[in-house]
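Protein sequence lines correspond, in order, to chains E, L, F and C. Under our numbering, the first sequence has 319 at position 325, and the numbering climbs by one with no breaks. Under our numbering, the second sequence has 39 at position 45, and the numbering climbs by one with no breaks. Under our numbering, the third sequence has 19 at position 25, and the numbering climbs by one with no breaks. Under our numbering, the fourth sequence has 260 at position 266, and the numbering climbs by one with no breaks.
Hints are not guaranteed to be accurate.
Note: identical chains are not told apart, hence a pair may lie in one copy or across any two.
[Unchecked claim] Computed cross-link-like contacts, DMTMM-like style, restricted to lysine to aspartate or glutamate with a CA-CA straight-line distance of at most 25 Å:
hint: 1; residue 1: K285; residue 2: E117
hint: 2; residue 1: K19; residue 2: E70
hint: 3; residue 1: K32; residue 2: E365
hint: 4; residue 1: K374; residue 2: E141
hint: 5; residue 1: K64; residue 2: E228
hint: 6; residue 1: K64; residue 2: D103
hint: 7; residue 1: K19; residue 2: E228
hint: 8; residue 1: K262; residue 2: E280
hint: 9; residue 1: K374; residue 2: E341
hint: 10; residue 1: K32; residue 2: E228
hint: 11; residue 1: K262; residue 2: E24
hint: 12; residue 1: K285; residue 2: E341
hint: 13; residue 1: K(-2); residue 2: E136
hint: 14; residue 1: K374; residue 2: E16
hint: 15; residue 1: K374; residue 2: E43
hint: 16; residue 1: K20; residue 2: E228
hint: 17; residue 1: K370; residue 2: E16
Everything labelled a hint here was simulated from the structure, so no lab data went into it.
For reference, the chains in residue letters:
4 protein chains.
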Amino acid sequence: MSIKVVMLGAGYVTAHLATGLERLKKGLIEPYGIPLAKYALPYSLRDIEIVGVYDVDESKVGKTLYDVAKEVMGSEYPVPEELKTVIIRRGIRRKSTDGLDMRAKGLDDLMSYEDSLKTLLNEWLDLRPDVIVNVITTEYGEEYPDESVALGKILRGDVPATHSYAYVASMYAKIKGGVAFVNAIPTPVANNPGLLKLLEESGVVVFGDDGATGATPLTADLIEHLTERNRLIEFIVQFNIGGNTDFYALTRQDRNHMKELTKTSMIKDITGYEVPAFIKPTGYLEPLGDKKYVAMHIEYISFNGFRDSIYINARINDSPALAGILCDLIRLGKISLDRGWKGTIYEVNAFYMKKPGPQGAPNIAKNKAYELLLSKFGLK
Amino acid sequence: MSIKVVMLGAGYVTAHLATGLERLKKGLIEPYGIPLAKYALPYSLRDIEIVGVYDVDESKVGKTLYDVAKEVMGSEYPVPEELKTVIIRRGIRRKSTDGLDMRAKGLDDLMSYEDSLKTLLNEWLDLRPDVIVNVITTEYGEEYPDESVALGKILRGDVPATHSYAYVASMYAKIKGGVAFVNAIPTPVANNPGLLKLLEESGVVVFGDDGATGATPLTADLIEHLTERNRLIEFIVQFNIGGNTDFYALTRQDRNHMKELTKTSMIKDITGYEVPAFIKPTGYLEPLGDKKYVAMHIEYISFNGFRDSIYINARINDSPALAGILCDLIRLGKISLDRGWKGTIYEVNAFYMKKPGPQGAPNIAKNKAYELLLSKFGLK
Amino acid sequence: MSIKVVMLGAGYVTAHLATGLERLKKGLIEPYGIPLAKYALPYSLRDIEIVGVYDVDESKVGKTLYDVAKEVMGSEYPVPEELKTVIIRRGIRRKSTDGLDMRAKGLDDLMSYEDSLKTLLNEWLDLRPDVIVNVITTEYGEEYPDESVALGKILRGDVPATHSYAYVASMYAKIKGGVAFVNAIPTPVANNPGLLKLLEESGVVVFGDDGATGATPLTADLIEHLTERNRLIEFIVQFNIGGNTDFYALTRQDRNHMKELTKTSMIKDITGYEVPAFIKPTGYLEPLGDKKYVAMHIEYISFNGFRDSIYINARINDSPALAGILCDLIRLGKISLDRGWKGTIYEVNAFYMKKPGPQGAPNIAKNKAYELLLSKFGLK
Amino acid sequence: MSIKVVMLGAGYVTAHLATGLERLKKGLIEPYGIPLAKYALPYSLRDIEIVGVYDVDESKVGKTLYDVAKEVMGSEYPVPEELKTVIIRRGIRRKSTDGLDMRAKGLDDLMSYEDSLKTLLNEWLDLRPDVIVNVITTEYGEEYPDESVALGKILRGDVPATHSYAYVASMYAKIKGGVAFVNAIPTPVANNPGLLKLLEESGVVVFGDDGATGATPLTADLIEHLTERNRLIEFIVQFNIGGNTDFYALTRQDRNHMKELTKTSMIKDITGYEVPAFIKPTGYLEPLGDKKYVAMHIEYISFNGFRDSIYINARINDSPALAGILCDLIRLGKISLDRGWKGTIYEVNAFYMKKPGPQGAPNIAKNKAYELLLSKFGLK
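I would like the entire structure built from these sequences, with the hints used as guidance.
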């Protein structure tokens, strides 16, 4: 009763997910950082099996996941031998690597775009994944108002790689009978009306967008805390800087814009009023590696017009946090399929995502979302 | 349809409450810091009327609340003229001022203890308060296993002033037909089985103990946030220092102990496991005044065994925060009386108190408590 | 024996300088924030007299300094009446307001550029300043390799306003016999070989560039502290955000670049090795006003290969800090003239400036620079 | 040309010193954290040789330094094999372990106090140390006004172990012809007039008291930074908490008092005025281990009466920092002996110690002290 998973992107997150799952199976670590670990789900963490990993980075394609994980996590890190059996496959590139300093080649560089989609579909029909998880580097992407615009753009290839992958997932789902697509990056999928429709009608369960890790969920709960006390937030400043590829990519203006929209939309949803806010990925500094530095400052008005100040600084391992919630999302994806659901599920997105789909859905405090999640899956 | 309030203690909190309420009535400030301000309660903030204020500090007794507020808040602060009509009355002292550097005289210094209780009762029968709010300086106090022990100690006078006041409230309630007693300090009342029984049987509604302001409720919600993600908290350090009388008093070992118990009991209630924690009022430094400095450090284990760090620093006006929640507690006290309730109400305490009574009741996250509160009073 | 001062720029800094000097004269405040206040200089703070203020903002030109200060500092701030006697004069604009959201008109908009320079010269010959202080909004500016390039560019008008002002100062100095030019913004003057030569030969004393306030001097001393202990700095991150015009201007890429160069050059000068660093003005958020928020994170290697971490957060009033050091720079400018000095003086720049001229001069720790300064002026 | 060293105390610091020196010799680490590593001293780091280590903890005495270091630094830490040749010897106990939760036995428990001193002297005459370093757990100790009081108390045994050790050092110096005694803990030696006289006359070079690591030297330089800008410091709060034996010992009131005196005396020496300050070891929490958490808050008045705020949080490995400066102090001790010096040397103490002796010597900023140190030893 295993859950077969295809990972899109062979970076930090996939390395942590694969490594962590093996170490869990061996009892070397506890399931910390996996929100639902303490609940009895129909699937255990041992059931998760990574059957395929895709990337377009020439320094990764063809290597084993073991070798890639060694590079990502440092040569001293005890990467499990089991990862030697997974080979990184070549994925779709489109413009996903523009402006990044890497040698990259996608299937769509080696053959026609149309053939690359077919090739991918055939591979998946062979691998038979239950869940496809998208953790490629953040890329710019538009929302499509309806299904036909989505389909037109995708078939012309004028789309981010994420949307090509989602399209292949829809074709796969129609043949195989359903699949779950977990979009853990900001490129709009669950928040993309046209694309979501197309996926839903093909029987795809969609979770997205942008996995809620780092300071954003903490900020959400902090704002809820202040709002429950009716304190007037005068401003919020939140800086964050890291040294992984995702931060490097975000130094490109258009990619950064994706993140910024995600984060500031949240605050008003919780407070009910406009809060002056500066919240965005702020910089890239290589030696920080995957452990980002977050600085936050909030001032608010309390009773009798008095002003209080809060300063938060944090050092957070970015990818382990995301890998931890993927352990839930993969299992919830399979459970959703088992229950015959399709399309996106707000109760999942509201807790696990920074920009919970579908488009227009409110971004509530994470502690409230947690209660919704537990109810939806009968866990209380 | 006013709510008549007697305040025990003429310090910062009473000054802020009285000042803030008048400024609200005049439309000079918005009701920030009052959690339920945005909900339609049967009583508005304008209905709250302070009819009596008690203290034992010789530099305050006999003065107007206006004069005391001017001293507390600084001569430049625009204290409303309306406070000139309230005179500070002499209260019960017992050992409440031991070790504090003040010239104090209670009714019980001027007459027999028994007579002092009677005198107080007569004054209250004259003032006819609906709600009695205890904000005297934190004093050491024991819990009594049953009603007879409570009564015995109280009648002998071998108790903190808080317990004498609570006893007079019970006598007053029996004659007048109910009163609400809001215990905003750590000295156990709602968590005191014997005393609570005595109060409940006399028709007193009791809210307590220790108003949840400052860093404690924030810490509670932060721990809940981490717990919902199944992160293992390795330790919590929380320092706080202030320059008001309450911090001064807490430099006395026995008083500090009261606070410490309050705070560390909370963490295990939320996480379900023992967290190594150092949380207590840490020092007194006069120039900080009523604006305390809080420093907090948390380390936790995330997925795949990685360790994250959070540092929080805050500057928080202590007394306005407490005054703000008193605006709710006073109204909820009256509403509870109107509904015929008596004894303590966990749903109120869980949100507003650091050590929610009754004894043994769990200290849940504040965001969960908020939902309970709204349900109890039909506010969702 | 007064020191006559012309201020270029009628913003926060000029408002604070003028206000603070008057309040000092009246004994309303102590001379805090003025480094040399405790030393006996030949000129006292009372000797400083602002005789002219220039700006190009149509909402300021023609108004009194009193009115401008009221706007800048808030209507409740007690701006001294004496400021009513100073009228804001129209200055040179060039491209200094490009991209800023303001209605601006310079002398060079109303007449030919050549005439605007002459007009300004005539006004100064009338006002007879001893010291000219440049605090206009940061503008982009190049360095000129030699005097003839400088002169050529300036006469063509293809320069930032700062350089036009400096040129008029040089003409003024030749006629009047010397003047001091204090360049408190990053646009290169003291670090501009061609322009500096031109100024020096005309008898101008030059202090510059970019007044050392905010987090930069603190960072310098912190790095010196670590370097004296031979700790290896692994990285430095420093964010800062404010809500005044200068921060707004810095959201423009080219202006920001000016600041960035200033700050990162400093670190290697102190440590002797390249430190990975992210240090630049990071954002603009209007409600922060003139009080900026700074967040800094440093990690370093200590003995036996162990890693330590420092987090600094600060809330700093930007303009008062600069106004405070201007009180010294103005007096040191006059003293330098009295001593017959001309050109730039490294011992002054090293302590008071972020990018101490002349070009190529090292950026030493501020505590070392302080010793040099005291020696240069015989103050120990 | 080696420097023979006896260590008093076999805890974290000795473990780090011994481990770090061996790893340096093997080229496994760089000499970070050793202030004078970049200067050419007559002795290199390779010359330092630990010939004896003393403790009274029964779980350490008789074991090898290798075993003790393994326990202290964690079993995974690569402790060098060379440490197997050093056996922990039994030292003097007196009251040094009172209130600590350990099974301890000193020479003075096994024989008469007088004999224990003689035994120790004989061992040292055998080991022939050049430098004796005291890093035992902080213990309470008085200052003696003159030599005869010192001698009287010491011979009666009514002294902390530190003073007994210092006395044996004086006897040893008289026979051997000089020794250096480095007192890295707060118990007064260099600041102890009577004891210092006795040591000086016996030919002992004394460095002390209380090695300047952690937040204290940083605080000193920060205060100097503010003072050089004539900012008025309104208050300083500094908390610190750790999980090593020294922090545990400091939970005992009398030991904590030793530290507190050290730290607050420093501020006035630098500022020239009284600064309201709360600075002391604040707590003990076991899981923090040797890596302490420091939180600091400073508010000051800048120009024109404006108030700025600084918040510093740090995580600092306590013992490596001290071990790093011991690498200098040991070499400076030997150099001082070579030069024929005796008694205490302020220029060394001022930089390396929190409470620089002799008694009454000013506690200047560390960056100033650094210059004095370089001059004294001809290093500029």
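Task: Alpha-carbon proximity context of K370 and E16, limit 25 Å - done: Neither way: K370 and E16 sit 29 Å apart in one copy and 47 Å across, limit 25 Å.
Task: Alpha-carbon proximity between K285 and E341, which holds within one copy, between copies, both or neither at 25 Å - done: For K285 and E341, the Cα distance exceeds 25 Å both inside one copy (29 Å) and across copies (40 Å).
Open item on the list: Regarding K374 and E141, is the shortest C-alpha distance of 25 Å or less found within a copy, between copies, in both, or in neither?
Closed with: neither (37 Å within a copy, 38 Å between copies)
Open item on the list: When Cα atoms must be at most 25 Å apart, do K374 and E43 count as within-copy, between-copy, both, or neither?
Closed with: neither (28 Å within a copy, 44 Å between copies)
Task: Copy assignment of K374 with E16, given that the CA separation must stay at most 25 Å - done: Close neither inside one copy (29 Å) nor across copies (45 Å); limit 25 Å.
TODO: Go through the copies and call it for K32 and E365: within, between, both or neither, with a Cα cutoff of 25 Å.
DONE: both (15 Å within a copy, 23 Å between copies)
TODO: If the cutoff is 25 Å on CA atoms, where do K374 and E341 land: within, between, both or neither? Let me know, please.
DONE: both (14 Å within a copy, 20 Å between copies)
TODO: Check K19 against E228 for me: Cα-Cα at most 25 Å, and say if that holds within a copy, between copies, both or neither.
DONE: between (48 Å within a copy, 23 Å between copies)
Open item on the list: For K262 and E24, with the copy left unspecified, which applies at a CA distance of at most 25 Å: within, between, both, or neither?
Closed with: Between copies only: 19 Å across chains, 37 Å inside a chain, cut-off 25 Å.
Open item on the list: With identical chains, the pair K64 and D103 could be close in the same copy or across copies; at 25 Å between alpha carbons, which is it: within, between, both, or neither?
Closed with: So K64 and D103 fail the 25 Å test inside a copy (28 Å) and across (55 Å) alike.
Task: Within, between, both or neither, where K285 and E117 count as close if Cα-Cα is 25 Å or less - done: Neither. Shortest intra-copy (34 Å) and inter-copy (51 Å) distances fail the 25 Å Cα cut-off.
Open item on the list: Please sort K262 with E280 into within, between, both or neither, judging by C-alpha distance up to 25 Å.
Closed with: between (33 Å within a copy, 18 Å between copies)
In this structure, the earlier hints numbered 1, 4, 6, 12, 13, 14, 15, 17 are contradicted, and the remaining ones agree with it.
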